[in-house]
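Q: Could you build the full structure based on these sequences and the hints that come with them?
Below, each chain spelled out in residue letters.
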Amino acid sequence: MSIDTETARRVAKLARIKVEDADLPALASEFNAMLGFIEQLNEVDVEGVEPMTSVTPMRLKRREDGVTDGGMQDKVLSNAPDAREGFFAVPKVVE
Amino acid sequence: MADVNSLTIADARDALRKGDLTATELTDACLGQVEAAGALNAFVHNTPDLARDQAKAADERIKAGDAPSMCGIPLGIKDLFCTKGVPSQAASNILDGFRPEYESTVSQKLLDAGSVMLGKLNMDEFAMGSSNETSTYGNAVNPWRRQGDAAQLTPGGSSGGSAAAVAADLCLAATGTDTGGSIRQPAAFTGIVGVKPTYGRCSRWGIVAFASSLDQAGPMTKTVRDAAIMLEAMCGHDPKDSTSADLPVPDFEAALTGDIKGKTIGIPAEYRMDGMPAEIEKLWADGTAMLKDAGAKIVDISLPHTKYALPAYYVIAPAEASSNLARYDGVRYGRRAKLAQGDGVTEMYEKTRAEGFGKEVQRRVMVGTYVLSAGFYDAYYNRARKVRALIKKDFDDAFASGVDAILTPATPSAAFGLGEMAAADPVQMYLNDVFTVTVNLAGLPGVAVPTGLDAQGLPLGLQLIGRPWEEADLLNTAYALESAAGFVSKPARWW
Chain S
1 MSIDTETARR
11 VAKLARIKVE
21 DADLPALASE
31 FNAMLGFIEQ
41 LNEVDVEGVE
51 PMTSVTPMRL
61 KRREDGVTDG
71 GMQDKVLSNA
81 PDAREGFFAV
91 PKVVE
Chain E
1 MADVNSLTIA
11 DARDALRKGD
21 LTATELTDAC
31 LGQVEAAGAL
41 NAFVHNTPDL
51 ARDQAKAADE
61 RIKAGDAPSM
71 CGIPLGIKDL
81 FCTKGVPSQA
91 ASNILDGFRP
101 EYESTVSQKL
111 LDAGSVMLGK
121 LNMDEFAMGS
131 SNETSTYGNA
141 VNPWRRQGDA
151 AQLTPGGSSG
161 GSAAAVAADL
171 CLAATGTDTG
181 GSIRQPAAFT
191 GIVGVKPTYG
201 RCSRWGIVAF
211 ASSLDQAGPM
221 TKTVRDAAIM
231 LEAMCGHDPK
241 DSTSADLPVP
251 DFEAALTGDI
261 KGKTIGIPAE
271 YRMDGMPAEI
281 EKLWADGTAM
291 LKDAGAKIVD
301 ISLPHTKYAL
311 PAYYVIAPAE
321 ASSNLARYDG
331 VRYGRRAKLA
341 QGDGVTEMYE
351 KTRAEGFGKE
361 VQRRVMVGTY
371 VLSAGFYDAY
381 YNRARKVRAL
391 IKKDFDDAFA
401 SGVDAILTPA
411 TPSAAFGLGE
421 MAAADPVQMY
431 LNDVFTVTVN
441 LAGLPGVAVP
451 TGLDAQGLPL
461 GLQLIGRPWE
471 EADLLNTAYA
481 LESAAGFVSK
491 PARWW
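So the sequence lines, in the order shown, correspond to chains S and E. Its first residue numbered 1, the first sequence is counted upward by one per residue in the numbering used here. Its first residue numbered 1, the second sequence is counted upward by one per residue in the numbering used here.
Note that these hints are calculated values from the structure, not bench results. The C-beta atom is built at its ideal place from N, Cα and C for all residues, glycine as well. Check before you lean on any hint, since a few could be wrong.
Among the chain E residues that face chain S by a calculated CB cut under 7 Å, a handful are [to be verified]:
1. Gly-344
2. Val-345
3. Val-365
4. Arg-383
5. Asp-425
The calculated DSSO-like cross-link candidates involving lysine-lysine, where the alpha carbons are at most 30 Å apart (straight line), are [to be verified]:
6. E:Lys-490 - E:Lys-292
7. E:Lys-351 - E:Lys-338
8. S:Lys-18 - E:Lys-338
9. E:Lys-338 - S:Lys-13
10. E:Lys-359 - S:Lys-92
11. E:Lys-84 - S:Lys-61
12. S:Lys-18 - E:Lys-351
13. E:Lys-392 - E:Lys-261
14. E:Lys-84 - E:Lys-240
15. E:Lys-63 - E:Lys-18
A: And the structure:
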């Protein structure tokens with residue numbers, strides 16, 4: 001599997017990372033180096049093997065569905081780059 | 001007492017309890033060392049006022065006779081841990097200015113035990129790196145140098161600042177985190193002890209996430225005994241981390257008898273890599289002989305899927321990272337890029353992430369995005385998870401055959417020069433973790449123990465891998481190895 005600049009552009013878009021057009025060929029070539037390394041996995045016979053979901057056999061803990069915390073709007077917003085009137089503020093989302 | 005900053009946790013604890021030393025004196029000595037060690041770039045956010053307050057409180061506790069082992073012990077905390085009111089930015093530009101409103105469970109446990117936080121430690125950005133060269137703070141520098149050579153060496157990564165700080169006696173011990181070898185490789189590069197506990201032993205809550213199914217916090221210390229003392233204070237069940245194990249925490253220090261008679265140590269054939277330096281071969285053979293002399297039975301074992309561990313890791317870790325790092329969008333915390341007239345929310349995301357993430361982080365996030373994307377999920381991600389199951393089965397089989405612990409080299413080489421790998425392909429850098437990454441994939445406990453010096457006078461370490469949840473037994477074997485190796489060298493001070 002070889003990645004071309006168009007695929008690199010699409011991946012950057014999916015990852016929401018701006019990559020200049022001029023940098024796409026170098027990025028594609030780095031992807032290819034990493035994927036070339038990963039390709040070794042195709043040598044392994046994985047027939048009938050279940051994909052691992054958890055390293056230790058465990059059932060996730062459950063608890064009562066109740067409110068355990070809250071009422072700290074100031075703390076939640078204290079690190080926001082832009083917070084106004086108790087909300088996170090962002091540029092226009094819908095036209 | 002002179003040079004109290006170079007004490008072990010165990011010796012400092014005893015001196016504090018006897019009244020020969022106060023936590024305030026000890027903390028001041030460490031703060032002085034931190035101040036004078038700017039050239040190592042190990043501490044990146046210093047908290048001297050906080051440290052002095054904590055030391056004072058520790059002295060009161062000790063006086064009142066209520067002093068756990070870690071009470072009054074000055075520590076450095078890796079920048080990956082969220083610490084309340086203190087900058088915590090995972091060595092990333094994207095978290096510039098972030099001051100958490102909460103404290104990570106592990107650092108809170110250490111504070112509850114009376115430890116003192118001297119400050120935050122340098123690391124690779126988001127713990128992605130093996131040389132501490134991806135940090136937004138610049139490189140951390142290894143206090144060790146090659147004989148007769150002033151070239152700056154890497155302290156390893158990602159917990160490079162932690163390793164440099166402990167090796168240079170700036171603090172008594174430090175926290176690290178380990179996703180593919182990030183505690184054990186830097187420990188080996190700096191001649192200290194580093195423990196990655198069983199997955200689930202330490203809570204991940206409040207630690208900036210890299211790859212959630214692999215990340216574990218652990219202690220980085222001067223001795224195995226110190227690692228046992230500090231690990232006990234760090235671990236335990238936490239309802240805030242759903243993968244945290246609800247198991248009792250043993251008294252790890254009490255397990256250190258040094259008696260390993262009758263234990264079976266496995267030597268895995270697949271860890272004998274092509275082109276392995278003769279010094280590493282010898283270190284490994286010497287370590288094997290030491291454990292044999294101490295009464296252990298040595299057996300050859302096979303872990304047949306070892307060579308597929310790194311490729312599986314470089315699918316699974318980037319995949320999890322791409323999901324975990326999606327949260328850095330310039331909305332809720334950290335940094336937002338300056339926007340142009342007319343930019344909408346998509347431009348805000350794309351510019352913020354392009355400016356905020358360094359090259360290595362961007363590369364891994366995009367590789368993770370690719371392997372999880374429609375059409376490739378099965379071919380890459382699911383296949384890697386299947387290979388991971390086989391890697392774990394290799395270890396399960398070895399342990400089922402009666403092996404108590406596995407001895408391997410910790411790293412394929414001694415510390416290399418900063419910048420030496422700059423021209424290399426990223427995959428070359430990834431090979432640093434070839435001996436450690438299997439342990440994360442299988443969720444096992446592992447410890448790096450310094451056991452020798454190479455021809456250039458640089459420290460080298462061996463790794464012991466244990467059965468899940470049997471850190472106590474593993475640490476005892478590490479203690480026997482440490483006692484036999486008698487590694488006491490320290491870096492000559494130049495900073």
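Q: Give a verdict on every hint.
A: Checked hints:
| no. | hint | verdict |
| --- | --- | --- |
| 1 | Gly-344 | 5 Å, holds |
| 2 | Val-345 | 5 Å, holds |
| 3 | Val-365 | 5 Å, holds |
| 4 | Arg-383 | 5 Å, holds |
| 5 | Asp-425 | 5 Å, holds |
| 6 | E:Lys-490 - E:Lys-292 | 27 Å, holds |
| 7 | E:Lys-351 - E:Lys-338 | 8 Å, holds |
| 8 | S:Lys-18 - E:Lys-338 | 14 Å, holds |
| 9 | E:Lys-338 - S:Lys-13 | 19 Å, holds |
| 10 | E:Lys-359 - S:Lys-92 | 29 Å, holds |
| 11 | E:Lys-84 - S:Lys-61 | 27 Å, holds |
| 12 | S:Lys-18 - E:Lys-351 | 6 Å, holds |
| 13 | E:Lys-392 - E:Lys-261 | 27 Å, holds |
| 14 | E:Lys-84 - E:Lys-240 | 17 Å, holds |
| 15 | E:Lys-63 - E:Lys-18 | 10 Å, holds |
Checked against the numbered hints given earlier, the structure satisfies every one of them.
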